[in-house]
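Enquirer: The chain contents come next:
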Amino acid sequence: MAKLNMVEAINSALREEMERDERVVILGEDVGREGGVFRVTDGLQEKFGPDRVVDTPLAESGIVGVALGMAMNGLLPVAEIQFDGFLYPCLDQITNHIGRMRNRSRGRFTSPLVIRVPYGGGIHAPEHHSESPEAILAHTPGIKVLIPSTPYEAKGLLLSSIRDPDPVIFLEPKRIYRAIREEIPQGDYTLPLGKARMVQEGKDITIVAWGAMVREALNAAEQLKEDKVEPDIIDLRSISPIDVETIIASIRKTGRGVIVHEAPKTCGLGAEIIALINEKALLSLQAPIERVTGFDIPVPLFKSEHYYLPNPKRIVTAVKKVMSF
Amino acid sequence: MTDCQRSIHDLKNQKWQIEDRGVDMSLWEDYPPLKGKMFQILKPDGTLQPDQKNPLDDEETFKLFQKMLFIRMADQRALILQRTGRMGTYAPIFGQEACQIGSTYALQREDWVFPAFRELGATWMMGVSLKNIFLYWMGYEIGSRAPEGINVLPVSIPVGTHPLHAVGVAWAAKIKGEKIVTVAYFGDGATSKGDFHEAMNFAGVFKTPTLFICQNNQYAISVPRKSQTASETIAQKAIAYGFDGIQVDGNDLFAVYASTKQAAEKARSGGGPTLIEGVTYRFGPHTTADDPTKYRKEEEIESWKPLDPLTRLRLYLKERGLWTEEVEKRLIEEAQKEIDQVVKEAEAVPVPGVDEIFKHVYAEMTPPLKEQLDYLKSTLA
Chain S
150 MAKLNMVEAI NSALREEMER DERVVILGED VGREGGVFRV TDGLQEKFGP DRVVDTPLAE
210 SGIVGVALGM AMNGLLPVAE IQFDGFLYPC LDQITNHIGR MRNRSRGRFT SPLVIRVPYG
270 GGIHAPEHHS ESPEAILAHT PGIKVLIPST PYEAKGLLLS SIRDPDPVIF LEPKRIYRAI
330 REEIPQGDYT LPLGKARMVQ EGKDITIVAW GAMVREALNA AEQLKEDKVE PDIIDLRSIS
390 PIDVETIIAS IRKTGRGVIV HEAPKTCGLG AEIIALINEK ALLSLQAPIE RVTGFDIPVP
450 LFKSEHYYLP NPKRIVTAVK KVMSF
Chain G
1106 MTDCQRSIHD LKNQKWQIED RGVDMSLWED YPPLKGKMFQ ILKPDGTLQP DQKNPLDDEE
1166 TFKLFQKMLF IRMADQRALI LQRTGRMGTY APIFGQEACQ IGSTYALQRE DWVFPAFREL
1226 GATWMMGVSL KNIFLYWMGY EIGSRAPEGI NVLPVSIPVG THPLHAVGVA WAAKIKGEKI
1286 VTVAYFGDGA TSKGDFHEAM NFAGVFKTPT LFICQNNQYA ISVPRKSQTA SETIAQKAIA
1346 YGFDGIQVDG NDLFAVYAST KQAAEKARSG GGPTLIEGVT YRFGPHTTAD DPTKYRKEEE
1406 IESWKPLDPL TRLRLYLKER GLWTEEVEKR LIEEAQKEID QVVKEAEAVP VPGVDEIFKH
1466 VYAEMTPPLK EQLDYLKSTL A
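Top to bottom, those sequences are chains S and G.
The first sequence maps to residues 150 to 474 in this note's numbering.
The second sequence maps to residues 1106 to 1486 in this note's numbering.
Read the hints as simulated data drawn from the structure, not as lab findings.
Please read these numbers as outputs of a predicted model, since none were measured by experiment.
Glycine included, each C-beta is placed from N, C-alpha and C at the ideal position.
One or more hints might be untrue.
[Claimed, not checked] Distance ranges between label pairs, derived from CB positions: (1) G1375/G <-> L450/S: 44 to 52 Å; (2) A1453/G <-> E183/S: 53 to 61 Å; (3) T1189/G <-> E428/S: 39 to 47 Å; (4) D445/S <-> I1406/G: 46 to 54 Å; (5) E1439/G <-> D179/S: 53 to 61 Å; (6) P1329/G <-> D337/S: 55 to 63 Å; (7) G1375/G <-> L425/S: 39 to 47 Å; (8) I1185/G <-> D179/S: 51 to 59 Å; (9) A151/S <-> E1253/G: 41 to 49 Å.
Construct the complete structure from the given sequences, taking the supplied hints into account.
Expert: In structure tokens:
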């Protein structure tokens, strides 16, 4: 066991899987010699050579488009899109081709690839470096979308993603890339795709969060101890498909809920989760569900970023409001 | 695969085993795109350019003429089916037969073809059945599935997005040491797209065994070639990406075949990608939903008619004693019969069960999809 942060955990997943399976290749901007702008692929080109860890031209749509071709011809590409804001040019390839290839060809051609994207705010980055596009992706058929929230989660989920026969978009909360260290088993372990994780079990209210927001929710829970409120905290981790069962089971127990995400409020995943709760557990609710989210504005430059990002204070306020019913 | 398709594959395989046909390898030097000289072997009057020879023998030439005729008739049939409400929107290839039959004849069975949406001839030549192709346009998902062992991708409607896939497959082949070639077909309009640029750029940088075959049919729906790019030729764009490009007479079966063969051999031997611009003309509408009288004059169409790819082949074959009115009549009758049968079979295919639209979205159906399918089924009961 070694104590690793998320960057190191992802690196170790990639390194080990590339050793195990020669079909795994990495491609992206600056992933080779530089080891990625966040150093996630550090040392991998040195170890596996420039044919397996490829510095591509600066072209995001090209990266994922050729990754699809590679996947169709028997490789397992792990593409890196350098920042969330640069994922948008890939949406054509993702929605029109990557997510559809299996379906369109009736299973004849498939896209077993992973697209890794550092995402979200909170690191005082320039414009276009703090986006949370998960709802757009969740709305896209044929792909799976994952967001890890700890180093342990990141390694296990990434290994499962590489081995999954379907295309996976793997959004890495860059804000907590180096914020958490935890014990990571050496070697192989996987975590199931499509399953949420109960981070902390309580009884009074359900808080659903993902990525960097899980830590915010945990901090909020600390503060809520004073008020003797014990929340269930669910790390959604699979954005698509959503693990409805885990959410509903918790809501049935608590009767109350708060959903936390960085992405803009309107048509964010929180809205979908509330709709699912309404469909399946409305009569268990004792209060309207609250959302603590970003706003329907571009992510502000970093001097004002703190206004935008959900924080423990806003979560505590929302929880108290829901508890007041 | 129909007998018709099989015979051409057998013929090809046989040829490859017997000899390398020794096509002149100096095409790229003789026809630099910026010199504005188009590669042509067979002139519209059915005679050969004085310094050129037919790269195909008589048997092959006749066979390919037969294929082109068959595909033209299949294309016309599709149009009729659409007009009578038996097929959905369809993109006809009328006029582009040489581009597609000639280029695919230069490929090998294990090569990969990435069509746009006007590649009836190319996909059929690679071994996708006419029935499957018709089924796609008739609204059946199964029409997009190429048979095992035939590496033809489904139609790609988002213009210019699929050359990237051809580069990716070729790149993987290179890494795995497979001696295959990938071919992306697209039109002049696609060359304006960002993904076209990215595909050409990646192919150049990684020297992938990829052929970019642009069927410059003069129009992207209504926008003429001159408004699409200020480049004098499309072929010259290859220069910017560091590989060979060539402009060929796309209505000349021999030139298309010879240039594709040479490009494929180069790619297979590690020489990297090539851009081939086949200059051709779309005699029909963009799709059956389009009215070309809005944007082009009858005189223009008339001016292209003497350049028809089939006309010059007839003249050539006639001169060789291989074509007569009777022969044509027989070929047409045979083709009609085969196409009749295909249409009959396609129209007999039942509407698929509702499971079909859900079951291939993921390798294993996800719980939300399963729930949605169950709901949908309950509404159908």
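Enquirer: Range hint 41 to 49 Å: satisfied by the CB atoms of A151/S and E1253/G?
Expert: With Cβ atoms ~46 Å apart, the hint holds.
Enquirer: Take the C-beta atom of I1185/G and the C-beta atom of D179/S, compute their distance, and say whether it sits inside 51 to 59 Å.
Expert: holds, 55 Å
Enquirer: Taking the CB of T1189/G and the CB of E428/S, does the distance hold inside 39 to 47 Å?
Expert: holds, 45 Å
Enquirer: Cβ-Cβ distance between D445/S and I1406/G: within 46 to 54 Å?
Expert: holds, 52 Å
Enquirer: Is it true that the C-beta distance of G1375/G to L450/S lies inside 44 to 52 Å, as the hint says?
Expert: holds, 49 Å
Enquirer: Please check whether E1439/G and D179/S have a Cβ separation lying inside 53 to 61 Å.
Expert: holds, 59 Å
Enquirer: Return holds or violated for the Cβ distance of P1329/G and D337/S against the range 55 to 63 Å.
Expert: With a Cβ separation near 59 Å, P1329/G and D337/S satisfy 55 to 63 Å, so the hint holds.
Enquirer: Between A1453/G and E183/S, does the C-beta distance stay in 53 to 61 Å?
Expert: holds, 59 Å
Enquirer: Note whether the CB distance of G1375/G and L425/S lies within 39 to 47 Å or breaks it.
Expert: violated, 54 Å
Figure legend: structure checked against the earlier numbered hints; the only hint not met is number 7.
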